[in-house]
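Use the sequences and the hints to build the structure in full.
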Amino acid sequence: MKMRGAYAATLLSTLMLSGAAQAEYSAADEIKVLQGFKAGGGSDALAQLTQPFLRESLGVEFINEYLPGATGAIAWTRLTKQSPVDGSVVSITNTPMLMTNYIMNDSIHYSIDELTPIANVVTDPGIIVVPKDSPYKTVEDFFAAAKERPGEITVGNSGVGGDDFFSTIMIEKATGLSFQKVPFQGDGPSATAALGGKIDASFNNLGNVYGHIKSGSLRPLAVFTRERLDILPDVPTVMEKDIDVVAGSSRGYSAPAGIPDEARKELIAAFEALKENEDFKKTAQERAMNLDIQTGDDYGQMMQEMEGQFEDIWADVKDEVNQ
Amino acid sequence: MDNLVLVGLTNVITFTNISLILGGTLLGLFVGAMPGLSATMALALLLPLTFGMDPATGLSMLAALYVGASYGGSIAAILLRTPGTPSAAATVLDGFPLSQQGQAGRALGVSLFSSFIGGLMSGIALLTAAPLLGVLVLKFGPIELFAIAVLGITIIGSLSQGSVVSGLLSGTLGLLVSTVGMDLITGTPRMTFGIINLFSGIEFTVALIGLFSIPQALILIENAHGPQKVASKITDRLVPPFAEIRRLLPNIFRSGGIGIITGLIPGTGGDTASWFAYNEAKRFAKDKSRFGKGDIAGVAAPESANNAVVGGALIPTIALGIPGSSSTAILLGALMVQGILPGPNLLTDYGDVTYTLIWAVIFANVGLLLVGLLFTRLCVSVTRVPDSFVACSIITLCVIGAFAINNSLFEVGLMLGFGLFGYWMNKAGVSPAPMVIGLILGPVMETSFQQSMLIGQNNLSIFLTSPIAVVLLCIAVFSVLQATPFFRWLRVALRARTQAE
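Residue numbers (our numbering), protein chains in the order written: chain A, 13 to 335; chain B, 37 to 537.
To be clear, the hints were calculated from the coordinates, so they are not data collected in a lab. Among these hints, one or two may not hold up.
[Said to hold, decoys possible] Anything over 10 Å on all C-beta distances counts as not near chain A; from chain B, calculated:
no.	residue
1	Thr-50
2	Ile-232
3	Pro-277
4	Arg-290
5	Ser-325
6	Phe-522
[As the list claims (entries may be wrong)] Footprint (simulated), chain B over chain A, 3 or more residues, beta carbon under 8 Å:
no.	stretch
7	56 to 65
8	70 to 83
9	115 to 121
10	167 to 173
11	194 to 203
Note that the Cβ used here is the ideal one computed from N, Cα and C, for glycine as well.
See the structure below:
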């Protein structure tokens, strides 16, 4: 009975793999993916989207290990300090959390220099939304109100250190305005508070509020992208208003520094291939995930730029926040 | 609209779906009964399995799992004094004494029927009144949430058995421990001593397992060679007599209502609802002295409430696309995988799938009653196992459970630390229940207070601008006064006057 079970299991896994293994991953048969957040969250959603496709192209099994805590810092410390550098361990890296963690906290010791950036996969663009019965019809109205009553317009964000918190500061610095920033525990509660009119506006992410925008319960004022979004053609970017702010919450994959070059190239090639994979694109679209694939050095540069930007911002506002 | 309701119903009633509902319930019962394994965790792990399934099938299974786990927590709470889920903590207070008196079967039976009725109530509320109640959700912002937390804290007063001072001490300790971790507003780590495992605060479940389960195991070991314990008779019936259910019915209905309302408010869930329900059951009871010593009403109330939370938490989820709890956030994820974007149009544009989910919740409650009767009968035999074996199993389960929360040994150490502290509390006669309430409500109260202050430009009068908050705060003041000598004096004075007339 036991034998038969084992046989069935082997057969099943052979069947599942047989359609797959075109290219073998040179470094390992299994890749462990460290996730800094609980199962079922945004990082997990990325893993569930990407890994079935990567399993086919790399011919490896993925094992997710969830190590929630300290907004991802536990998993990223493990990745950089305590993981084998043979290419058998990677982690889902969320920016800007990845850098703001150690920029803001002296007790967190890893840095992006200890990583091999593999690929960014999704970016959820930043967006300003207001309640449907808000007096602010356009982003100009909103900024005008903030100018009239400095520090009184309440703006929700997903928490100190998150992308929405920093994009609020970036807007403040670029425009010279000041808002009353109200942190929530995640962008969901921040959107809910805006829905109920408890705050004047919420700096949020598109994927989280798109359903509410479509049904008219939240009004989008502006997005933090370089160009207007295809799905919201009427919503201006803040760039159009001469405010140089591009922000969003991104998720990708990184390995520890010093993994074998061959493994790095193979991993990068697998992500490059996803760019052309129609099936993958379709699945991502169905799950409302906005693809933004940037591999290898491009991802590395993206991280470097963000690190510099956030270090400057934090040096500026540190005393104000930690009053 | 009626059409969609029927489409949902027909989607659920197929052989595959019904059997998966039963399977999901059983799995949920098991997960719920294990300390440390939570419904959220099981849902997240099962979610990828449903990707390949038909939406109706996948959702039915997940909903059943959620419902099953909400009841399962009470099994270990009653039999072993180790709440299997955080929302079963209140069940321990009266469930375990009943079990010690050899009435484990009766307690489990009442718990099952209360869960069933509470769950069914919330399912019906979900089916009929979701859009109406959904509007209510948006009325609750930080200001109102703060008032709820303050009201919740007053429960500590009424829970302090014996000495009020020790109850307040325990509650204050809970509040103090809940401040460990990063400050929400400034991001500054507090009382973390540079240990990054503490940055997100102390996992509530870790403290809960430690405070209840480890002391119980140690006490069992201490008494292992003492007089034999009272084992529940196999003949102890699980199906409670009709008269008993009828007597408890007002209590169960009230608790179910509390569960639905608490579930709907984002930020509060089963763990809070069960304490509210327990407290109200005690407030309305004629003889309060039996509470804490094995009053069956103290089992019915929290269990009805924590199962009613399931439907309650789903109300904002389906009416507005806002998850009411971490478990419903995962159910929302399951909908997204089926190509449904969360928003206020779930009941209209995607009505077929949404009503399937609602019917699945209702059927899962019926399934719970059937599966529960069989599963629970098996569980009662735990009371026949010698204490020393039970003690070892409890400790093993605690270690596994604490590890499973964050996949880290740090939590295991922390849990054992809380365990030793809980043992000391037990010896010193300090009840851990107020501490648990402090731990649950501390973060809610602090966060919502800070947010309210930011919204109100540091002006305390912001709390008077919300009618809901004012009413809740008045009830809180009344509850506190009720516990003071002044109130007793007033009552005596009033009675004297009416007698004089």
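Hints, one by one, checked against the model:
no.	hint	in the structure
1	Thr-50	holds, 25 Å
2	Ile-232	violated, 5 Å
3	Pro-277	holds, 42 Å
4	Arg-290	holds, 27 Å
5	Ser-325	holds, 40 Å
6	Phe-522	holds, 36 Å
7	56 to 65	holds (count 3)
8	70 to 83	holds (count 7)
9	115 to 121	holds (count 4)
10	167 to 173	holds (count 3)
11	194 to 203	holds (count 7)
Checked against the numbered hints above, the structure breaks only hint 2 and satisfies the rest.
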